[in-house]
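Enquirer: Residues per chain, in single letters:
2 protein chains.
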Amino acid sequence: MFATDLNRMDEKIKAFSKFGELDGGGITRLSLSAPALAARAEFKRRAEALGMTVESDDIGNIYATYPGTEEGLPRIIMGSHMDSVRSGGNYDGIYGVLSSLEAAETVIKEGIKLRHPITVMVWTNEEGARFEPAMMSSGIVMKKWTKESMLAVSETGGKVTFGEALEASGWVGDESNRLNDRDYCAYFEPHIEQGPVLEEEGLDIGVVAGVVGMVNYDIILEGVSSHAGTTPQSYRKDALRAASKVILDLWDSLGAIADDLVFTTGEITCRPNIHTVVPNYVKFSLDARHRDMGVIAEVVDVIKSLPSEVYGCKLSYEEHWGRNTIEFDDRLLDHVEGAAKGLGYSYKRMYSGAGHDAQYVSELLPSVMIFIPSVGGLSHTVVEYSTPEQCHHGANVLLNALIEADKSF
Amino acid sequence: MFATDLNRMDEKIKAFSKFGELDGGGITRLSLSAPALAARAEFKRRAEALGMTVESDDIGNIYATYPGTEEGLPRIIMGSHMDSVRSGGNYDGIYGVLSSLEAAETVIKEGIKLRHPITVMVWTNEEGARFEPAMMSSGIVMKKWTKESMLAVSETGGKVTFGEALEASGWVGDESNRLNDRDYCAYFEPHIEQGPVLEEEGLDIGVVAGVVGMVNYDIILEGVSSHAGTTPQSYRKDALRAASKVILDLWDSLGAIADDLVFTTGEITCRPNIHTVVPNYVKFSLDARHRDMGVIAEVVDVIKSLPSEVYGCKLSYEEHWGRNTIEFDDRLLDHVEGAAKGLGYSYKRMYSGAGHDAQYVSELLPSVMIFIPSVGGLSHTVVEYSTPEQCHHGANVLLNALIEADKSF
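Chains as they are written, first to last, in our numbering: chain H, 1 to 409; chain W, 1 to 409.
For reference, chain H alone in the conformation it holds in the complex (with noise of 0.2 angstroms):
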């Protein structure tokens, strides 16, 4: 088996911490932004120093390439992002592309001989914390949204557009640079998990067998505002009782479905929201996710089959968007999970919860995605960890897969 350096794994993470930190630890590096283009220049110049091609593509997205032994071989592609949420982490994302390079600098710097291309990859605009959607560039390449659309798109809070910024940020290429499945044919995104799983059964890497499926739906109570010390509370309609109602008998009904079935109710709206007045309307999103799109039809019924009134109040709901479960590439994952066997480190197979870059990507090449832990299972928050030990066992795993690709691609 391979191995990367862990303090050279660390540094790095250290040194692109610097990048948009916050006082008290953290980051906001929005897509684009100042810190987001300096984190940019550096990835560049540290590949350009390990004798890598730099390209971009008409997306701002960046593909450092090293050649391969053989001629005419497509690439192997690994990487991530580099942007982040407000107030968020030093791991999410970044630490995709850092393993990435760490890889390759151990490939280049061992003289290991690989037969493809290897290229490490930035994403851009991964987070949609800037600009709306996540996972916009993979989106444009996968043409999941056109182009032009996004462009157009203007920053949250704000009047500059993705156009303008990406204009302005040099990192214009060629459209032909773009990802495809002619150049390119096998992708990896190593990862940390942004939950509890790895960390609270003790293991060392998520071998990440696909992405989950999910459906996102509002449900509306409609009820009568009316004063809060003038309306007995038999004639009242009350909208956040209702609410309240419901989300309590969804944890019942959606917890029955399934042990691994995840459900959120994380956001709220409730009208006129003043203390004196009965809630007349009362809004709040529901997210469930599962890999069985079996268990996903039984969601939805259950949303289906939700009483048309609540405590007087009517009951409505709307669908918003959905995903199918992804399937990641099983030669790659055999790959990912020979590497960290080999390597003694534990692991089990696993499905993201989060959708990441890698879930496009999988429609146009094999791909597959490996988790480190996340201490406390936090994510896009300042406190976001990983210990260097367990950001040097991602980079490992990574580094032994690509090598076993390198040789059944």
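Some hints here could point you the wrong way.
Identical copies look the same in the list; a pair holds intra-copy or inter-copy alike.
[As the list claims (entries may be wrong)] Calculated lysine-lysine pairs in the DSBU-like style (CA-CA distance at most 35 angstroms, straight line):
no., residue 1, residue 2
1, K314, K348
2, K18, K147
3, K283, K159
4, K314, K341
5, K147, K245
6, K245, K304
7, K304, K341
8, K283, K245
Just so you know, these hints were derived from the structure itself, not from any lab.
Let chain H serve as the given structure and place chain W on it in line with the hints.
Expert: Just chain W now, kept in the frame of chain H:
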């Protein structure tokens, strides 16, 4: 028994509904706004036309007085406010002023001899919709807060202070004109019920025995935010789930205390309030009101007995303002009840759940309120309505109670 004029009463309501009228009905007549000043000018014009003397005090409260037959007797005063909430109705407040003006007009035009002078009053800024708090001027007169602090209050969502608006209104009079217990001996405030009880019970008149006591709390649930897709349900500390449980439990436990206890959870804040993130913080308001302070004490006991942890979330609470139950004057209550009975109207003694200027005045002078039904129990809305007959009934009760008070005070 004496009677006011139904058509004249109705004309008053219709005439004043023009000041601040909205397309589709209702009004926005914020305190000291242009439409509120137009309504004041019209009130003054009408009072002076009846031979009344119009004065104002240093907070712009208006007093229109007609002399009595006996020298040196204090005045009997009746009235309410003319300002409205945003998108309010044509009855809340203004009905009390106009029914008082109608009673005075009847006394004057029919030559009913009263020993005491009678005064029709208009309070400045009862609603607090433009300048917080509600019942601002009666609170100044009753020294609930200082005039200086109130003059400095800026309008909600704007920069004009109450002091500036007052100065610009042209209604600043002498401080010695303020309501006091030397020049005045009794206070009547007619008002719409703003609740459904009179209508539901088919009654004409509410003989208002007081204003219920109340407590206000914020209840706070603190959990842990985590990713909607990556956090198994069993690991979650979901503050919105916990808040839903507490809201329903409060309905059970508070509902068991007394049938006529009213309590409201009208306002909710959820953080981070993102559909893909488990909420880590939810705060909601609890407003509870009852005439028996012993019942209110039981409410407080329930709050203090809430568990310190719900679904893994820490529960805490903050007590905000409260008030003790206000009891109105027995003699005036008897006069109002006697008038309703004598006129053949159905009535009940009841408590006001909402706050009114009368609750402050009652600390200074013998006071009472008269309620008429609100159609549908609705108030603070453009569809607020009481029929011309209901408005007439209230004015008749006021007139006859006034005549009795003139004898007994």
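Enquirer: Please name the hints from earlier in the document that this structure breaks, with their numbers sorted from lowest to highest.
Expert: Hints 4, 5 and 7 not satisfied by this model.
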